[in-house]
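Student: For what it's worth, our numbering labels the leading residue of the sequence shown as -14, then goes sequentially.
FYI, nobody ran anything at the bench for these hints, they're computed from the structure. The beta carbon of each residue, even a glycine, is placed where N, CA and C say it ideally should be. Don't take each hint at face value.
Simulated pairs of lysine-lysine, DSSO-like, Cα-Cα distance not exceeding 27 Å [unchecked claim]: (1) Lys30 - Lys81; (2) Lys56 - Lys81; (3) Lys81 - Lys55; (4) Lys70 - Lys98; (5) Lys30 - Lys56; (6) Lys70 - Lys30; (7) Lys30 - Lys55; (8) Lys30 - Lys98.
If you anchor each label on the Cβ, the simulated ranges turn out as follows [claimed, not checked]: (9) Asn57 - Gly96: 26 to 36 Å; (10) Thr42 - Gly107: 28 to 38 Å; (11) Gly107 - His74: 12 to 22 Å; (12) Lys56 - Gly94: 30 to 40 Å.
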Amino acid sequence: MATAALALSGLTAGTAHAGEASDVIVPLGTCSFAHPVLAGVHPVKAGRATVQLRYSTTTRCAWGRIINAKKNDKVWVDRTYDNGKTYTHLGATTVKSGSDTHTPSYYDGGGAKMRACAHSGGVTRCTWPWF
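Input sequences plus hints: build the corresponding full structure.
Tutor: Written out as structure tokens, the structure reads:
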């Protein structure tokens, strides 16, 4: 019932995490790719590909990007509320064609740290967490 009420009101509730003060409630559609910057972490190599954590300075949302990738390589974003002790996996995006792709953008407010991860050429690597 509460979920339906949130959906009807245009809001979505975040998932509670250890160490999190409260659920993060983010208006639907607020995450975007507006004003993207390379987050304050260096890109890393995952096999032949490079994974980046990107960030929107206007919406406080982050996403993962993989470049120099091949078909079936994957990129995803992880979020932590306990300084990296545990992560919530926010879904993966697979390269279907071309050499790059990105994940949807995810809200990083409420004390979260984000990292982008990729699997390419049999190697999985993640950027350092960033907030």
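Student: All hints are to be evaluated individually against the structure, with a verdict given for each.
Tutor: Going through the hints against the structure:
no. : hint                       : result
1   : Lys30 - Lys81              : holds (20 Å)
2   : Lys56 - Lys81              : holds (5 Å)
3   : Lys81 - Lys55              : holds (8 Å)
4   : Lys70 - Lys98              : holds (11 Å)
5   : Lys30 - Lys56              : holds (16 Å)
6   : Lys70 - Lys30              : holds (23 Å)
7   : Lys30 - Lys55              : holds (13 Å)
8   : Lys30 - Lys98              : holds (20 Å)
9   : Asn57 - Gly96: 26 to 36 Å  : holds (35 Å)
10  : Thr42 - Gly107: 28 to 38 Å : holds (35 Å)
11  : Gly107 - His74: 12 to 22 Å : holds (19 Å)
12  : Lys56 - Gly94: 30 to 40 Å  : holds (34 Å)
The earlier numbered hints are all upheld by this structure, with none contradicted.
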